[in-house]
Each structure stands twice: as C-alpha cells, then as structure tokens.
Amino acid sequence: SAVISQKPSRDICQRGTSLTIQCQVDSQVTMMFWYRQQPGQSLTLIATANQGSEATYESGFVIDKFPISRPNLTFSTLTVSNMSPEDSSIYLCSVGIQGRLFFGSGTQLSVL
Amino acid sequence: KNQVEQSPQSLIILEGKNCTLQCNYTVSPFSNLRWYKQDTGRGPVSLTIMTFSENTKSNGRYTATLDADTKQSSLHITASQLSDSASYICVVSVSHNFNKFYFGSGTKLNVKP
Chain A
8 SAVISQKPSR DICQRGTSLT IQCQVDSQVT MMFWYRQQPG QSLTLIATAN QGSEATYESG
68 FVIDKFPISR PNLTFSTLTV SNMSPEDSSI YLCSVGIQGR LFFGSGTQLS VL
Chain B
3 KNQVEQSPQS LIILEGKNCT LQCNYTVSPF SNLRWYKQDT GRGPVSLTIM TFSENTKSNG
63 RYTATLDADT KQSSLHITAS QLSDSASYIC VVSVSHNFNK FYFGSGTKLN VKP
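Line by line, the protein sequences are chains A and B.
Residues are numbered in my numbering as their position in the first sequence, beginning at 1, plus a constant of 7.
Residues are numbered in my numbering as their position in the second sequence, beginning at 1, plus a constant of 2.
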C-alpha cells in the first residue's frame with residue numbers, strides 16, 4: 008500500500024493566478040497520476056508523472072496550463088496556471104502499485 | 003471500447019436499510035475491479051478489490067460481488083449508516099498495463115435519518 012500526503016487540502020483563488028499542489032508518497036513509486044474531478048463528475052486523468060522525464064498529458068490537457076514536476080520517486084507537484092472559474096474542481100494525486108490505485112486526500116480548488 | 007458504467011447515478015435510502023450498487027464493465031483484458039468510497043471534497047478510499055477468481059468479498063458492512071463472465075460487479079451495503087453518504091466509484095484495471103485504470107461515473111448515495 009501507499010500513504011499519500013497532498014496539500015493544500017483546499018484553496019480559494021482569484022482568476023488569473025496560479026496554484027501549486029504538492030503530493031508526497033511514503034514509498035518510492037514509478038508512476039504518479041494527477042486527476043481532476045469536476046463537480047458531480049467522475050475522475051478524469053490529467054497526466055502521468057514519470058520521474059526523470061516529461062509528464063505524459065491526456066487529450067485536452069496541456070503542459071502550459073498544468074505543468075508538472077517529478078523531481079524524485081516520492082514527490083510531485085501539479086500547477087494550475089492562469090486559473091479561471093472553470094478550473095474549480097477537486098485535484099487528486101494518486102499512485103499505481105501493481106495494478107492498485109491509491110489516492111491522496113485531494114485538493115478542493117475554488118476559483119473566483 | 004473499454005468502459006465502466008455504474009447505476010444508479012444517485013440513490014436515497016433511509017438509515018438502517020440495505021442497498022446495492024451496480025457496475026458493468028467492458029474492460030479487457032481484465033485484471034481487477036475495485037470499489038472506492040469518496041466523501042464529499044475528499045479523495046477516494048478503497049473498500050474492496052476483486053480479482054478474476056473472486057466472486058465475493060466483504061469489508062464490514064460492505065460486500066462486493068464479481069461475475070467475470072457477465073462482467074458485472076455489485077456493492078451491497080448492509081444496515082446503512084449516515085456516514086455511508088458518499089459517492090461510490092468502480093474502477094477497473096487491465097492486466098497488460100498496470101498503470102491504466104478505467105473509472106465509472108460513480109453512484110451518489112444519500113442516507114437519510
């Protein structure tokens with residue numbers, strides 16, 4: 008299993024600003040994932056963060072809007088850039104270990 | 003096309019009653035199916051994981067079933083409590099890619115006193 012610490016747990020931001028979300032895992036993992044969950048919706052994969060290489064983004068998500076860092080095997084950040092009210096969502100980091108998915112506690116973002 | 007469909011979309015029950023949530027999938031090749039509980043504003047927490055050879059698995063008042071032939075799973079909640087109010091998400095993974103997961107849209111359960 009894995010214990011994932013994610014912060015901040017929630018934030019209220021102004022339009023046009025950026026927010027960086029941090030995710031710390033208690034063990035070394037190869038793959039970390041970032042998901043977005045819009046109100047009332049299920050989870051949508053934003054990107055897969057690989058240590059030592061560029062993140063792989065899903066269709067509809069771009070690096071300029073959601074830059075990701077993965078400096079080591081236990082840590083990753085996701086930045087939501089130039090925010091608009093449409094970015095109001097829950098953002099979740101997760102890790103996959105042998106086909107099992109573990110989630111952080113989520114960041115609830117509200118953009119005014 | 004790999005898909006996971008859950009029903010009902012939402013459900014309201016009285017405290018103490020039982021309920022059953024459904025998950026149908028077309029994901030192949032199947033590796034495992036996991037039910038998650040997600041409280042409002044929080045990350046999903048795993049309830050059970052079912053592999054191909056397992057038919058039933060319980061976790062307290064939660065019992066999951068899997069029929070790999072019909073590609074259906076259910077989550078049965080017994081003697082519901084107010085704290086069961088949450089979204090329940092079905093997630094299926096494939097055997098050829100440990101990092102690929104397919105999500106259902108979830109069932110939002112509301113337990114009323």
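None of these hints come from the bench; they were simulated from the model.
Just so it is clear, the structure is predicted and the values come from calculations on it, not from any experiment.
Hints may contain errors.
[Claimed, not checked] So these bits of chain B aren't anywhere near chain A, every CB distance computed over 12 angstroms:
| no. | residue |
| --- | --- |
| 1 | Cys21 |
| 2 | Asn26 |
| 3 | Arg36 |
| 4 | Gln40 |
| 5 | Asp41 |
| 6 | Val47 |
| 7 | Ser48 |
| 8 | Thr58 |
| 9 | Lys59 |
| 10 | Ser85 |
| 11 | Ser89 |
| 12 | Val93 |
| 13 | Ser95 |
| 14 | Lys102 |
| 15 | Gly106 |
| 16 | Lys110 |
[As the list claims (entries may be wrong)] Only pairs whose alpha carbons sit at most 30 angstroms apart, straight line, appear in this in silico DSSO-like list of lysine-lysine:
| no. | chain 1 | residue 1 | chain 2 | residue 2 |
| --- | --- | --- | --- | --- |
| 17 | B | Lys39 | B | Lys73 |
| 18 | B | Lys3 | A | Lys72 |
| 19 | B | Lys73 | B | Lys102 |
| 20 | B | Lys59 | B | Lys73 |
| 21 | B | Lys59 | A | Lys14 |
| 22 | B | Lys102 | B | Lys59 |
| 23 | B | Lys102 | B | Lys19 |
| 24 | A | Lys14 | B | Lys39 |
| 25 | B | Lys110 | B | Lys59 |
| 26 | B | Lys59 | B | Lys114 |
| 27 | B | Lys3 | B | Lys73 |
| 28 | B | Lys110 | B | Lys73 |
| 29 | A | Lys72 | B | Lys73 |
| 30 | B | Lys110 | A | Lys14 |
| 31 | B | Lys39 | B | Lys102 |
[Unchecked claim] Label-pair restraints from in silico Cβ distances:
| no. | chain 1 | residue 1 | chain 2 | residue 2 | range |
| --- | --- | --- | --- | --- | --- |
| 32 | B | Lys114 | A | Ser16 | 21 to 31 angstroms |
| 33 | A | Gly23 | B | Phe54 | 47 to 57 angstroms |
| 34 | B | Asp71 | A | Lys14 | 41 to 51 angstroms |
| 35 | B | Gly43 | A | Gln21 | 34 to 44 angstroms |
| 36 | B | Leu16 | A | Gly67 | 39 to 49 angstroms |
| 37 | B | Ser48 | A | Ile70 | 43 to 53 angstroms |
| 38 | B | Phe54 | A | Gln35 | 41 to 51 angstroms |
| 39 | A | Gln58 | B | Asn99 | 36 to 46 angstroms |
| 40 | B | Asn99 | A | Gly59 | 15 to 25 angstroms |
Beta carbons: idealized from backbone N, C-alpha and C, even for Gly.
### Task
Quickly compare the C-alpha distance for B/Lys3 and A/Lys72 to 30 angstroms and report which way the hint goes.
Judged against 30 angstroms, a Cα distance of about 29 angstroms means the pair holds.
B/Asn99 and A/Gly59, beta-carbon distance inside 15 to 25 angstroms?
-> Roughly 20 angstroms apart at Cβ, these two residues keep to the hinted range, so it holds.
**Study point:** Closest CB of chain A to the CB of B/Gly106 still more than 12 angstroms away
**Key:** Since the minimum Cβ distance to chain A is about 7 angstroms, B/Gly106 lies within 12 angstroms and the statement is violated.
Q.
Next pair to validate is B/Lys59 with A/Lys14; report whether the Cα-Cα distance is within 30 angstroms.
A. violated, 33 angstroms
* Taking 30 angstroms as the top limit, are the C-alpha atoms of B/Lys110 and A/Lys14 close enough? -> Roughly 25 angstroms separates the two Cα atoms, so the pair holds.
Please check whether B/Leu16 and A/Gly67 have a Cβ separation lying inside 39 to 49 angstroms. The hint (39 to 49 angstroms, Cβ to Cβ) holds, given that B/Leu16 and A/Gly67 are roughly 40 angstroms apart.
So does B/Lys114 sit 21 to 31 angstroms from A/Ser16, Cβ to Cβ? holds, 27 angstroms
That 41 to 51 angstroms hint for B/Asp71 and A/Lys14 (C-beta), does it hold up?
-> Given range 41 to 51 angstroms: holds, Cβ gap about 44 angstroms.
30 angstroms Cα cutoff - pair A/Lys72, B/Lys73 | The given pair, whose Cα atoms are some 38 angstroms apart, is violated under the 30 angstroms limit.
> Was B/Val93 rightly flagged as not at the interface, with every chain A Cβ beyond 12 angstroms?
Replying inline: violated, 6 angstroms
Would you mind confirming whether the straight-line C-alpha gap from B/Lys110 to B/Lys73 stays at or under 30 angstroms? holds, 22 angstroms
query = Should the label of B/Ser89 as a non-interface residue stand, given a Cβ cut-off of 12 angstroms to chain A?
reply = Contrary to the label, B/Ser89 does not stay out of reach of chain A, its closest Cβ about 8 angstroms off (not over 12 angstroms).
In summary, the structure is inconsistent with hints 3, 4, 5, 6, 7, 11, 12, 13, 14, 15, 16, 21, 23, 29, 35, 37, 38, 39 from the numbered list given earlier, while agreeing with the others.
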